[in-house]
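The listed protein sequences derive, respectively, from chains Y and D. Taken in order, the first sequence gives residues 1 to 384; the numbers are from the UniProt record's numbering. Taken in order, the second sequence gives residues 1 to 1135; the numbers are from the UniProt record's numbering.
Mixed in with the good hints, there may be bad ones.
[As the list claims (entries may be wrong)] Dumping the calculated DSS-like pairs for lysine-lysine here, alpha-carbon to alpha-carbon at most 30 angstroms:
#1 Y/K376 to D/K1081
#2 D/K416 to Y/K376
#3 D/K450 to Y/K374
#4 D/K1078 to Y/K376
Think of the hints as simulated: they come from the structure by calculation, not from any bench.
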Amino acid sequence: MACLFRGVVLGGLVPFAAGPLSPQNSKFLPKPMSHQESQEMKSNNCQGLPSRMPDNTAFQQQQLPAWRPSLTARAVLPGFFTTGVFFLSMGILLILSAKSVKEIEITYTDICSNCSKLRENASNFYKECTCSISFFIPEKMPGNVYMYYKLYNFYQNYRRYIISRNNRQLLGEDITNVENCAPFQRVSNDIPIAPCGAIANSMFNDTILLSYYPNSSTRINVPLLSSDITWWTDKHVKFQNPKSSNLASAFAGTVKPPYWRKPVYQLDQGNPENNGFLNSDFIVWMRVAALPTFKKLYRRIHRIQQFADGLPAGNYSLDISYNFPVTLFKGEKGVVLSTVMWSGGKNFFLGIAYTTTGAVTWLAAFSMTAVHLKLKKKKAFFQC
Amino acid sequence: WRMDWKRDQLEAGRFIKRHCLSFLYKACVLFCFQNNAIKTSKYNFFTFLPMNLFEQFQRAANAYFLFLLFLQLIPQISSLAWYTTVVPLALVLSMTGVKDAIDDMYRHNNDKKVNNQPVLVVKEEKWMNIKVGDIIKLQNNSSVTVSTLFPCNLVSFGFSGETNLKVKQALTVTSNLGDNLEKLTTFKGEVRCEPPNNRLDEFTGILIYEGEKHALNNENILLRGCTIRNTDWCYGLVIYAGHDTKLMQNSGKNIFKRTSIDHLMNILVFWIFLFLVGMCSILAIGHGIWQTQNGYYFQIYLPSEETVNSPGVSAFLVFWSYIIILNTVVPISLYVSVEIIRLANSFYINWDRKMFYIPNDTPAQARTTTLNEELGQIQYVFSDKTGTLTQNIMIFNKCSINGQSYGDIYNMTGQKMEITEETEKVDFSYNKLADPKFSFYDETLVEAVKKGDTMVHLFFLSLSLCHTVMSEEKVEGELVYQAQSPDEGALVTAARNFGFVFRSRTSETITVVEMGVTKVYELLAILDFSNVRKRMSVIVQTPEGKMMLFCKGADTIIWELLHPSCIPLQDVTMGHLDEFASDGLRTLAVAFRELDEKVFQSWSRKHYEASTSMEDREEKLGLVYEEIEKDMMLLGATAIEDKLQDGVPETIATLIKANINMWVLTGDKQETAVNIGYSCNMLSDDMNEVFVIDAKETRNKMKPGSLLGTDPVTDLLTRTEMKTFIVPKEVANGSYGLVIDGHSLAHALEENVELELLRTACMCKSVICCRVTPLQKAQVVELVKKYKHVATLAIGDGANDVNMIKAAHIGVGISGQEGMQAMLASDFSFAQFQFLKRLLLVHGRWSYIRMCKFLRYFFYKNFAFTLVHFWYGFFSGFSAQTVYDEWFIAFYNLIYTSLPVLAMSLFDQDVNDLWSLRFPELYEPGQCNLYFNKKEFVKCILYGIYSSLVLFFITYGSTYNSVQSNGKDISDYQSFALIVQTSLLVLVTVQMGLETAYWTAVNQFFIWSSLTLYFSLMFLLYSDGLCLLFPHTFKFMGTARNTLILPQVWLTILLTVALCALPVIVYKFLRMEFQPTKVEKIRWYPRSPFYLRASSRRSAYAFAHQQGFGALITSGKNVKSRAPFGFGDNYSFHT
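Please take these sequences and the hints and turn them into a complete structure.
See below:
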């Protein structure tokens, strides 16, 4: 068997080349037959092999068949032109798509400056502060419209902040488990906080209502949905309420996070299902943002009645119950209303980047072609 | 009874035996002589884990990672989960551990095998149980396993693999004991000898027996590793056993060699480390500033810890956190991967069939597995001559008898003809005892023999008598000669074929079959060979009763001892000798003298006195010999061809074309060396000049003005401190060769002129140093190493090359011809010099290219990987938050990216082996260190930085203010991490694809399977089940499912890869267009007029070359010191 193999591979010295330009296939250089090889030929009968002769496998003799690609002009230049075309068209597509997204942002930190001031003092914690902002939507926002809250200069990605949570508690298995939640593990009398940790404690707790004024006298509350604003996996796997008939009793033995007004089982009084760890706003908040400026999905516009096709153009107002202090850390907050396309929200970055890359690729392709054609003449006289 | 003997013997022996040794050694030896059990293994079952771990943590890299691990245990600092460091560290430690364990098991087995060999210790015993002081019996053809001093019989022996036999002899006092077991067991004596050492050719000791002192020297000792021949048995006393034996002492000591890439890597790792500290400091400062500007106010949501009360403390802690995170710029797997790559490339050398020598059944062997890439950077090759360039097989080629030259053949017109395969050989069928392998072409000599020419007969008779060859005749008529030196064998074989067959010898007689008639000559004396005398003589009494002295020796010596009447003949013979020498043949003169009975008797008495004197025996004997070796009659001269090995000229030509400087260092005399130089292409007729010796003048001729102070190099020389300085490359105005001999070299190597020598020699195409001692060989290598800072390789086969082999960056041993000492000291060994070209141009080149590609890629991929954390720091409050999932950090180097790069560094070939050999120019980039140097390193670092910037900011841009198409989150931390790490992985894999020049199935498999593995592991690690089981360890649940289905994520990945890979392609393409490398030229323009070397195989010495280098003067002492054995050493007119 071994002998058979040896014979085969020896005959197979040829296969280690591929591609028309690889040197092994060149006709101009005869393959030299070294002395050793001829020795091998002679002694390649089974009996005569010396005992310590290494095996003649393609692997051991480093002659595995291989593909040897090379950056030839013939491969590179068409490749560049094609890539350029692809990037350019993709870029234009992305720009058009982003352009068709309608988006409105209202930053209300300054507009509601008296509320902002009020919240700078912790002693006003239980004082209500509301703020109303009217604005105008010049164009109709067709299709699904989403309402986001946006925070500036809020470092959700700070390492100590990110790790300050307990996933096991959020699974509802052991709500007294507050490991890793420093510095919001327990309140002073040693009762565990549920949900514990800095992330949960700092949850965004403004309430935002949107009203539409079809005419100066009529005011219609825009119906908002708080369902289906989280990742499915978060809502159904990662966050679970402790098993109990009554949510309130399930959370017995724990206290609410210090900055919260209501305990976790009373977050949404309108919808009993949307309470505890399964509260959508809570889940959205707990998915921390990558960057210090971020927006998070707050509500979806319920597409009924006038809003079946999205938000019509016209006058609107926001009624904000201002609870979340941001000026203390030089932050800002706002509301964003936006439609979406297949490529996401109103973000031109990808489109512009693609267009630019495509253009530059074309430029590179042209200049490489020029260089190649110019040097080609020289190569004809090439001497080594 | 054996024990009795032992007790008596050892009580006495142990104490006194080594009492001339150092005090310390004596104290030790007193109680613990080595037994013969050899233990090369390091661990046993229980000690393995602690010892191995202890050893591993002594390495700086491992200790560093252990330190990092401890840092991670501090909660304030820990920025990464423990497993990100533990997993790689454990993997690395266990891999090294497994390798060590396998090595050790192998050693255990080896030890066991060796230790259990049976041996006759008067009573049958196992090998390992032999102790110092035992008497053992050795049989013919058995191998010696301990260093024994042996009291009985006369033995010749050879090291395994060594062709030359050495004669060993017992002391007369002990040889009388014979085969008498009883006497042997009751033998009482004391031995004092030197402590164990590694000098194979030296031994001194004293045997005290019955109150008398007997000197012991090298000829009384048998060394471990040799084989007994020509005797049925011998008894020996064990004096060194186990690790004390000279062989073990020799093999144990290996100088730790490191490659230049190793040195460079250490420097670079240090740089990287500084870079790391720099980055961490920047981030720490950034953190301090951030804390005062933002963090302080953010405390409502994230109160700072009690212990961390100021931005400064916080910054300090963050510094260490960043050290942990960014440590991947110096990846732990680097060193392990480098080791694996080197090991694999060493295996390729062992496996190479084209470096396997069939006649000897010897494969090439990489004995050191850590030097491979250095093979691709060699600039100087120092070669021994005999046994390395030449075969050390001597062939009786020509002779001059009584003024008549034989050996050349002439055609009808009287023109000299070249001897080829077809030339008809002389028919020796008239002589039944002729050696069929012997060939001779000149019929006239046979005719002369047949005619019965007295001088011719006398000539051959002297050849058949005057030697120390032993004959063996197992089958009637089939004589096998065992000679100490091959030239002696050649001469005796020649005499045999011409009809003067040396058949057998005893210590008193020599039996010769003279033209079919058996005659017994009485051997009266052998006048030994020595390096000073350079001749040997025998005095015999012919069957007719005549006393005859036959002498052969170096021509210059013999001339002085001739009778004045020989002068005319001497002149003619001298002419012939010049001719022979210019053909590269080794010559000996042969003379005889008829002795008067009375003269001999009186001389014989003096000889006896001298030979029994205890003091200055050598000198006295020499004087006595001189007395009788005079007034001799010249018979003629012999010429022996020293055959070149196969393919030597081609190999040297190839190496020279590869810009490798070839220096031959030989102990041979000048003209022989020069001739060999011509015949193996080192010197050629079209060289402008071949200089002999005088260094200063020479350089002036090659580079006029270089002696003046205005020459930049000279200027530099005078201004720079000698020791620390590198001689720059100088170019001569033509092609030159240099020949220098040992005497001149001794002067030239002195402090003040060694630079002169070096500058001159390095401008020459080839350099030949003749008549050099082993020490000088090493000095020359050291000289080049010291001032040139280039990679050197020394190749040799004999004990005299060991110094040189150890001194050079890479030592290569030729295994087979002269024994195994050179091989034992070498880093690589193979059977034929011609394999050197394959070792360097194919294996070395590939190893170098692979290693460089590996390092470039490795540094790149880790910089691209790690620096993203740095950029992220600016957007995360410098809080040491990682960009990636911690599992990704743990697996990145070890699982996701390790296999493709490993496949590349195992299989990559830019051109295949035949092309590497055909175009030796391709070797040059390695010599100039072009593929991996500081500049290349900076390039890949810059590219890594660029890639990390692209990775971070493209993802930043595309997720900023963006949402999924269903309005949900995409700019969350986990999605961001997933996008960046997926882009990174795709990017480095694409980059790998761009680097790979040779796509085997394995490469394809590894690349695709790495990507597949990444995605499947991603889905596994982010799966529901794992998250529910360990919600703290697997936090990224669902991220892959939610993110990787989005078009904009894939568009981001594509954009990132394109932005990083396209510039590389443009760069490569343009570089290829403007400045194609040699490889590319060869690959792309096969039509260009490359010159092809005709690969016809020329027989050695077929070149015509310039004649003569003045008088053939053999001056100076022969430098290869070999202690004389028995009655005569090899005629070392060779090395």
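Status of each hint after checking the structure:
no., hint, result
1, Y/K376 to D/K1081, "13 angstroms, holds"
2, D/K416 to Y/K376, "55 angstroms, violated"
3, D/K450 to Y/K374, "81 angstroms, violated"
4, D/K1078 to Y/K376, "17 angstroms, holds"
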